[in-house]
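Heads up: the sequence lines are chains A and B, in that order. Taking the numbering used here, I'd label the letters of the first sequence as residues 2 to 159. Taking the numbering used here, I'd label the letters of the second sequence as residues 2 to 159.
The set of hints was computed from the structure by calculation and includes no laboratory data. Among the hints, a few may not be true.
Pairs count within a copy or across copies, as identical chains cannot be separated in the list.
To be verified - With a Cα cut of at most 16 Å, we get these calculated EDC-like pairs of lysine to aspartate or glutamate: (1) 79 with 55; (2) 79 with 149; (3) 10 with 144; (4) 79 with 156; (5) 79 with 56; (6) 157 with 45; (7) 10 with 149; (8) 116 with 146.
Number of protein chains: 2
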Amino acid sequence: MRVGAKAGKAEMTFMERALIEGRKAASQGEVPVGCLIVDGNTGEVLARTANRTEELGDPTAHAEMLALSEATRSAGAKRLTECDLYVTLEPCPMCAQAISFARIRRLYFGAYDPKGGGVEHGPRIFSQPSSHHTPQIYGGLAETDCADLLTDFFEKRR
Amino acid sequence: MRVGAKAGKAEMTFMERALIEGRKAASQGEVPVGCLIVDGNTGEVLARTANRTEELGDPTAHAEMLALSEATRSAGAKRLTECDLYVTLEPCPMCAQAISFARIRRLYFGAYDPKGGGVEHGPRIFSQPSSHHTPQIYGGLAETDCADLLTDFFEKRR
Chain A
2 MRVGAKAGKA EMTFMERALI EGRKAASQGE VPVGCLIVDG NTGEVLARTA NRTEELGDPT
62 AHAEMLALSE ATRSAGAKRL TECDLYVTLE PCPMCAQAIS FARIRRLYFG AYDPKGGGVE
122 HGPRIFSQPS SHHTPQIYGG LAETDCADLL TDFFEKRR
Chain B
2 MRVGAKAGKA EMTFMERALI EGRKAASQGE VPVGCLIVDG NTGEVLARTA NRTEELGDPT
62 AHAEMLALSE ATRSAGAKRL TECDLYVTLE PCPMCAQAIS FARIRRLYFG AYDPKGGGVE
122 HGPRIFSQPS SHHTPQIYGG LAETDCADLL TDFFEKRR
């Protein structure tokens with residue numbers, strides 16, 4: 002579901018905090034994607050991460066993967082059934098499958114990623130028989146800001 | 002490509018070492034999947050891991066993910082273009098996409114996984130437009146031993 006301007010204030014605030022993480026990453030030369038995992042009942046932030054593939058020299062160090070590891074550690078649980086994940090870019094297939102494993106309740110993402118995305122594009126991971134859990138999905142939250150962050154980053158690098 | 006009995010001696014030896022990691026994991030109550038990443042030119046083992054989702058309480062801690070992080074750290078490079086990955090079970094979609102990101106040269110796996118696999122089953126990650134690199138794939142290496150390890154583990158838990 003595309004949320005666009007219909008998103009609530011709390012959801013917008015969480016996505017803005019994910020954007021802040023993304024902007025910090027950009028300033029360090031990382032492809033700017035930021036992520037937040039929030040306890041959906043209390044609003045407590047369990048993880049706040051950005052892409053760190055360059056810093057760690059690890060192609061699996063996407064914002065969502067780092068956030069899921071941090072949040073499960075923080076919650077002391079392998080399943081985050083009451084948690085919501087906010088990320089500035091549509092998750093890739095790796096991260097989408099990880100979100101499924103972690104039993105995330107709601108997935109909010111900002112920009113759509115027709116080339117690398119795995120939620121609304123490519124393998125559409127949650128529609129596959131190998132996915133045993135599908136979160137509620139809300140795409141396009143703060144879409145313009147999230148897309149601009151990436152566009153600006155790649156334009157400056159040219 | 003299904004290799005079956007046609008595999009070379011070196012490849013069998015590496016898969017047997019992955020099986021050893023898988024067996025150790027079983028003895029610790031982890032779903033037994035073992036993995037090795039090897040420098041394809043020198044034969045040096047860059048990572049030797051097993052599934053640790055229970056121990057770490059982290060659903061992303063699959064053997065292949067841990068191996069890719071360890072091998073990229075060990076190699077000091079984000080891309081493992083000259084490396085081969087051996088794993089006792091067909092990788093899931095998350096791990097398959099991570100293998101693609103890491104530019105692994107050859108992927109050898111043991112047992113096929115019709116329910117959870119993402120290479121020859123489900124989303125067939127390497128055939129997707131979101132996958133920018135496909136390793137050479139050899140399935141069914143030491144297939145019986147690899148499958149038995151999992152079957153025995155789940156039978157004992159019943």
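Going through the hints against the structure:
1. 79 with 55: between (27 Å within a copy, 8 Å between copies)
2. 79 with 149: Result: close neither inside a copy nor across copies, 34 Å intra and 26 Å inter.
3. 10 with 144: within (15 Å within a copy, 53 Å between copies)
4. 79 with 156: neither (39 Å within a copy, 23 Å between copies)
5. 79 with 56: The answer is between: 10 Å across copies meets 16 Å, while 26 Å in one copy does not.
6. 157 with 45: Answer is neither: 35 Å inside a copy and 40 Å across each miss the 16 Å cutoff.
7. 10 with 149: neither (21 Å within a copy, 52 Å between copies)
8. 116 with 146: This pair counts as neither: shortest intra-copy Cα distance 19 Å, inter-copy 39 Å.
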